[in-house]
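Mind docking chain B on chain A? Use the hints.
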Amino acid sequence: MTDTTLIEGKGRTLWGDVWDQYKTHKGALIGTGVFLFILFAVFLGPYIYDVDPQYLNIREKNQGPSLSHLMGTDQLGRDMLAQVLHGGRVSMAVGVIAMFISLVVGTIVGLLAGYFKKLDGPLMRLTDLFLALPLLPLLLVIIMLFRDTLRGMFGPETGIFILIVFIIGITSWMHTARIVRGDVLAQKEREFVLAAKSIGTPSRRVIIRHILPNVLSPIMVSATLGVANAIITESALSFLGLGFPSDFPTWGRLLFDGANYMTLTPARVVWPGLAISLTVLSVNFIGDGLRDALDPRIRGR
Amino acid sequence: MFNYTIRRLIFTIPTLLFISFVIFFILDTAPNDPTGNLPLTIPPDVREKIRISFGLDKPMFFRYLLWCQQFFINEPLNMIEQWFNITIGDGERLRVQSWATRSPVVDLVVERMPQTLWVVGMSYVVGIVIAIPIGVISAYKQYSWFDQIGTFISMLGFSVPTFFTGLLMIVIFSVQLHWFPSIYDTTLKVDSWGNFVLQVKQMIMPVMVLAFFNAAQLSRFMRASMLDNLQQDYVRTARAKGLKERVVVLTHVLRNSLIPVVTVIALGVPQVFGGAIITEQIFKVNGLGQLLIIGIQGADIPLVQTLTFIFAVLIVLFNLIADILYGLLDPRIRYD
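From first to last, the protein sequence lines stand for chains A and B. The numbers in numbering that gives the first Met the number 0 rise by one with no breaks, and the one at position 145 of the first sequence is 144. The numbers in numbering that gives the first Met the number 0 rise by one with no breaks, and the one at position 205 of the second sequence is 204.
Okay, chain A solo, but in the shape it has when bound (with noise of 0.2 Å):
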């Protein structure tokens, strides 16, 4: 059977068989539409639904659900929907590049720690000592002293985009390096690398050409749950109040202003919470998608 599909020219690509399985992970495709449709909305949406969200209509404020306004309106009368869509892409802005931080980190720590024997130790003591760190306190210290720096350095908003991504970033690495440092040990030892050195490959190009390729698939299974974790942690502290100020709002900001209005308005914390769950929750599931698809013993059943 494999000769026939040879012969007619149709060979079976790597990410061709990835595909196959995924196909099969119902919650993954259903969380693969779902994400898209937000990422979606939240990116062209805007252009569609072009109220502004800062636009101040005291007469229309504190608005339950209705047609002109869909989601309602906050305490000052601005539009919910169009909040919810623009802090959207800050929110989704933040834990994408947040995540790629994490992972150019945690990959590089990895990858170090599991080629050269000398890194491992002191690479992993550093992994270890930063598990060990209590995470949240310590986010909200940073931020609280030096969100006033940051923000006379690059204007108040990319001041503290900037910090809130850095720091997502450089504070949720370490469970990528692990994986990452625990596959490269597993793929040093085989052959195709014992092979590229003895024909006198420097380590730089074995790491990037040989070991890097082979460890990818743990690297995107963590690479879509560090979406979802930074997403979760930007939202944490922007409820906490220590995140994006109020007129740069984020999903967890909305939530976080609108708490106060629980009474009078449900609406306003319900809409960017369900946007943030949605979120979070169909990335998980792309992430279990991908594991099991990225998996050659499972895909080969």
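Hints were generated in silico from the structure; no laboratory data involved. These figures come from a predicted structure and were not determined experimentally. Careful: at least some of the hints might be erroneous.
Ranges between beta-carbon positions, derived for each pair [said to hold, decoys possible]:
(1) Leu211(A) <-> Phe24(B): 32 to 38 Å
(2) Pro64(A) <-> Leu65(B): 54 to 60 Å
(3) Arg50(B) <-> Asp294(A): 56 to 62 Å
(4) Ile72(B) <-> Phe153(A): 39 to 45 Å
(5) Gln81(B) <-> Asp294(A): 55 to 61 Å
(6) Arg6(B) <-> Lys117(A): 31 to 37 Å
(7) Thr40(B) <-> Ser65(A): 44 to 50 Å
(8) Asp294(A) <-> Gly193(B): 53 to 59 Å
(9) Lys117(A) <-> Arg238(B): 49 to 55 Å
(10) Leu128(A) <-> Asp227(B): 27 to 33 Å
(11) Ala194(A) <-> Leu64(B): 53 to 59 Å
(12) Ser245(A) <-> Tyr3(B): 39 to 45 Å
(13) Pro201(A) <-> Thr250(B): 56 to 62 Å
(14) Phe153(A) <-> Tyr3(B): 48 to 54 Å
Backbone N, C-alpha and C define an ideal beta-carbon position, used for all residues, glycine too.
Positioned in the frame of chain A, the structure of chain B alone reads:
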């Protein structure tokens, strides 16, 4: 095992010292003025005197050593004095003082501890009680509707952040149905049946929010661990001997599956305390988490330093407990 425990215990001392130094360093390098929150009408020379009274004119390393002395030597001595009603030395010791309240930080912590322990401890126990049966059943009936629903709900549980579930519960049960109060009243004394009912009522929501989150993670671990064990040879042997299915699952498989779960439970304790920061903020419980937030907002450096360090101690301690438990429970694992 004993040697291993002693070795690990000794190793925690430099780790904790290093962590405390890192926390101190972060707090100290920050370009922030602790008198920044005071009224602008205070003249500069008075402001300078306030800074000196905080000890800020001394070099950083000196202040770190002073904090170490206060926290690691003076505070324990003070506690021993209070417990046993004795006086050691002249009894005049400098304690870690909060800048905002001017009272010893440890007293503040002791004051707030019971509320946090009640809510957090209760939620963890409830979470475990919910998670274990769900994990067992969904592993035993893998891919059944119960398993599918359980998996989905646990996915929901750790995807939906606690600050959303908490607010949602307040909207439904406090605002709409008026069943439970949305604010936790710490002054309530349980001295009669009516007050006991009130206490239970105000605890239900914070406890359930945290319990749901914990149960979601634990039930996944329980399920995975059960699945690993159900395929082992000893299970087939037990069935072949003619043991009842109940005995096979509940005595043989469950006991072996609990070993990794117990360590996960121990590892999760510090995280639960971290999560309590948010839950306490939602339900206005005046526990440790709220104290931390107040300290951060008021730039109360000694308070924040001490609280953050206590969280770090919890993490290191429970990591140690988890490792030791693993060695004690699983005869296959020997550290020596």
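Structure-based check of each hint:
A hinted range of 32 to 38 Å holds for the C-beta pair Leu211(A) and Phe24(B), which are about 34 Å apart. Taking the beta carbon of each, Pro64(A) and Leu65(B) are about 58 Å apart, inside 54 to 60 Å as hinted. Range check, Arg50(B) to Asp294(A): about 59 Å between beta-carbon atoms, so the 56 to 62 Å window is met. A hinted range of 39 to 45 Å holds for the C-beta pair Ile72(B) and Phe153(A), which are about 43 Å apart.
Separation of Gln81(B) from Asp294(A) is about 57 Å and conforms to the stated range, judged on CB atoms against 55 to 61 Å. Evaluation of the 31 to 37 Å hint for Arg6(B) and Lys117(A) yields a failure: the beta carbon distance comes to about 24 Å. The given range of 44 to 50 Å is respected by Thr40(B) and Ser65(A), whose C-beta atoms sit roughly 48 Å from each other. Remark: the range hint 53 to 59 Å for Asp294(A) to Gly193(B) is upheld by a beta-carbon distance near 57 Å.
Take Lys117(A) and Arg238(B): their Cβ atoms lie about 51 Å apart, and the range 49 to 55 Å holds. Between Leu128(A) and Asp227(B) the C-beta distance comes to about 31 Å, which sits within the given range of 27 to 33 Å. The supplied range of 53 to 59 Å is met by Ala194(A) and Leu64(B), whose beta-carbon atoms lie about 56 Å from each other. Ser245(A) and Tyr3(B) have their C-beta atoms about 53 Å apart, which leaves the hinted 39 to 45 Å range violated.
Take Pro201(A) and Thr250(B): their Cβ atoms lie about 58 Å apart, and the range 56 to 62 Å holds. About 50 Å separates the C-beta atoms of Phe153(A) and Tyr3(B), a value consistent with the hinted range of 48 to 54 Å.
When held up to the earlier numbered hints, the structure conflicts with 6 and 12 and fits the remainder.
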